[in-house]
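Colleague: Chain by chain, the residues run as shown.
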Amino acid sequence: MEIQEGRSGDVLVVTPRGRVDSTTSGDLEQRLLDLLGSGQRRLVLDLAGIEYISSAGLRVLLVVAKRLKTAQGDLVLCALTPAVRQVFELAGFLSIFQLEDSREAALARLAPPR
Amino acid sequence: MDALSSLVLRGSEEGLRAARTGLDAFAEAHGLVREDVWPFQVALDEVLSNVVRHGSPGASGPARVEVRLRLDGDGLEMVVEDDAPAFNPLQAAPPDTRSPLEERAPGGLGIALVRQLMDVMEYTRAGDRNRLLLRRRVTRGVEPA
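Respectively, the protein sequence lines represent chains W and L. Mapping of the first sequence onto this note's numbering: residues 1 to 114, in sequence order. Mapping of the second sequence onto this note's numbering: residues 1 to 145, in sequence order.
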């Protein structure tokens, strides 16, 4: 799986591409946990390039979100494709994540208060 | 006319990859659109990764799995048969989809997803084999050549 990263202030935008399934979810988990391990606390996960996500991928998101919550970090997911949104809905994930339609909106949500 | 495809593979990581490739090829050959294919891609991952995890029928190594795909009038049907220990996904406990983040556990999510994504889900234990039939209506973009 291809995982792109870009920085905006102290927020890291992570953009995985392709399928998040039982074969690829390990790569994503490793990368995200490495970022957390290196002290990154504010993350945007841009899901625009995800074809589909299975429960293996949902598990990774759950693990990362819990860790970040414990560390008082912030995670915003954005640009969910229809396939990903439907799986989130069925799994009851829409209510436990901060979601935005676009990367810009996600970054705005994490912007420091003026 | 119905379109059919059958794949025999091992219940292993490698077998799962082969099944994925087979489903992709079938979908492409029959002009299925992405919205119709992804629920089956998710279902295939859920069902086969379960077989990979729990599937060794004994000392003989990974399970033997057959995946059959059939496209008829208005639906795609996927049948997965394996010789892994008996497992009826219809009797699996429903996952927790309502509690707050801190209390969420990922167990059972996969099967619940498959059940909700498919129009039909039937399980049969026949002899020493599990047989799972999944079916869902497709819009079907293009007619097969």
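Worth flagging that the hints you see were computed from the coordinates, not collected in a lab. Using N, Cα and C, we set each Cβ at its ideal position, and we do this for glycine too. Any given hint could turn out to be false.
If the Cβ cut is set under 8 Å, some of the chain W residues that face chain L in the computed set are [claimed, not checked]:
no. : residue
1   : 17
2   : 18
3   : 34
4   : 59
5   : 62
6   : 83
7   : 91
Colleague: Would you mind marking each hint as holding or not holding in the structure?
Modeller: Each hint tested on the structure:
no., hint, verdict
1, 17, "violated, 15 Å"
2, 18, "violated, 12 Å"
3, 34, "violated, 21 Å"
4, 59, "holds, 4 Å"
5, 62, "holds, 5 Å"
6, 83, "holds, 5 Å"
7, 91, "holds, 5 Å"
The structure does not agree with the numbered hints 1, 2 and 3 stated previously, though it agrees with the rest.
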